[in-house]
Amino acid sequence: MTLRAVLLLGVYLLVFPLFVLGPLAGLLLASRPQTVREWVWIGFALVWAALSLLTPEGIATQTLEAWAFFVTGAFVLLMLTGRRGVVPGAFLASLFGFGAVTAWSWSLGTRWRDIQLAVEHGGWEMCRQLVDSAKAAGAARAESVQALVDAMAAGVSLSADLFPALLVLTALPGLALAWSWYHRLASRPVGKPAEAFAEFRFSDQLVWLIVLALAAWLLPLPPLLGGITDNLAVLAGGLYAARGAAILWGSLETFPLLVLLLIMVGTLTILPVAMGGCFAIGLADTWVDFRRRYASADTEGRDPWK
1 MTLRAVLLLG VYLLVFPLFV LGPLAGLLLA SRPQTVREWV WIGFALVWAA LSLLTPEGIA
61 TQTLEAWAFF VTGAFVLLML TGRRGVVPGA FLASLFGFGA VTAWSWSLGT RWRDIQLAVE
121 HGGWEMCRQL VDSAKAAGAA RAESVQALVD AMAAGVSLSA DLFPALLVLT ALPGLALAWS
181 WYHRLASRPV GKPAEAFAEF RFSDQLVWLI VLALAAWLLP LPPLLGGITD NLAVLAGGLY
241 AARGAAILWG SLETFPLLVL LLIMVGTLTI LPVAMGGCFA IGLADTWVDF RRRYASADTE
301 GRDPWK
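Under our numbering, the first residue of the sequence shown carries the number 1, and numbering increases by one thereafter.
Because the hints were derived from the structure by calculation, they are not lab data.
Idealized CB from N, CA, C, for every residue including glycine.
Just to be clear, a hint being listed does not mean it is correct.
[What the hints assert, rightly or not] With beta-carbon atoms standing in for the labels, derived distance ranges:
{"#": "1", "residue 1": "L257", "residue 2": "V15", "range": "14 to 22 Å"}
{"#": "2", "residue 1": "D114", "residue 2": "T254", "range": "47 to 55 Å"}
{"#": "3", "residue 1": "L54", "residue 2": "D114", "range": "18 to 26 Å"}
{"#": "4", "residue 1": "G155", "residue 2": "L212", "range": "22 to 30 Å"}
{"#": "5", "residue 1": "W104", "residue 2": "L206", "range": "38 to 46 Å"}
Just need the whole structure built from these sequences, with the hints factored in.
Given below as structure tokens:
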């Protein structure tokens with residue numbers, strides 16, 4: 001068990017606990033736990049997940065909780081009954097969760113636009129609370145807080161419109177993390193362990209989603225279709241950015257932890273540029289296959305571009 005794995009789990013527990021703890025508890029329970037360690041982790045996961053549900057209710061919160069519930073059930077079933085990798089399993093579970101949440105919402109008379117408006121309202125409410133806290137703190141902190149509010153306000157409406165894609169992109173790493181820890185903790189784990197992040201890849205046919213998104217932006221589409229293609233574009237873009245980050249991580253993962261933290265902090269200061277670069281590398285990997293090229297170059301002792 002590495003310090004990096006513990007830190008990554010800690011970050012997800014603080015920010016998106018339901019997408020890790022629910023699947024982890026479900027996987028351990030479905031594998032018939034036999035050790036005290038497994039039962040302790042099951043209890044910890046269930047208690048933490050229950051505490052994370054003690055939040056003010058609203059359409060957006062209910063959607064997030066329902067999504068986590070449906071995705072957890074689908075992921076446990078897919079991974080323990082079929083021989084598939086964690087990436088396709090997590091992707092299929094997320095798609096099932098999207099369909100199930102959509103059907104559940106429609107049965108309650110709620111549409112995705114209502115959910116997106118609730119997300120936008122929550123974002124504006126957070127901005128209002130920050131403004132109130134800035135006024136209470138006095139002029140010394142008001143300027144810095146106002147700058148943060150302005151930055152958040154610029155992304156509130158955009159985040160609401162892209163809420164479905166952001167949910168999928170949030171669930172995927174959480175499910176992969178749950179599968180990784182399941183294999184660390186279970187006495188009799190089922191299936192193959194998750195591959196290292198540096199090996200993250202997916203079908204090259206996903207490039208057609210990028211082509212579809214580009215075509216949609218050039219054509220006059222109804223608002224509904226435009227919203228769907230925007231979410232598909234963000235989903236594909238996020239996956240390709242993660243693929244590019246995985247390629248870069250393969251050359252950085254042997255660095256000391258302190259150096260990696262410094263690189264991460266530096267990356268956060270230029271995050272849009274860094275994400276664009278990772279997307280470009282991930283998209284180019286569809287044709288170049290950087291990892292195979294560098295692996296063969298290392299074996300043969302030659303320049304990877306010759």
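Now the hints, each set against the structure:
no.: 1; hint: L257 / V15: 14 to 22 Å; in the structure: holds (20 Å)
no.: 2; hint: D114 / T254: 47 to 55 Å; in the structure: holds (48 Å)
no.: 3; hint: L54 / D114: 18 to 26 Å; in the structure: holds (24 Å)
no.: 4; hint: G155 / L212: 22 to 30 Å; in the structure: holds (24 Å)
no.: 5; hint: W104 / L206: 38 to 46 Å; in the structure: violated (27 Å)
Comparing the model with each earlier hint shows a violation of hint 5 alone; every other hint is respected.
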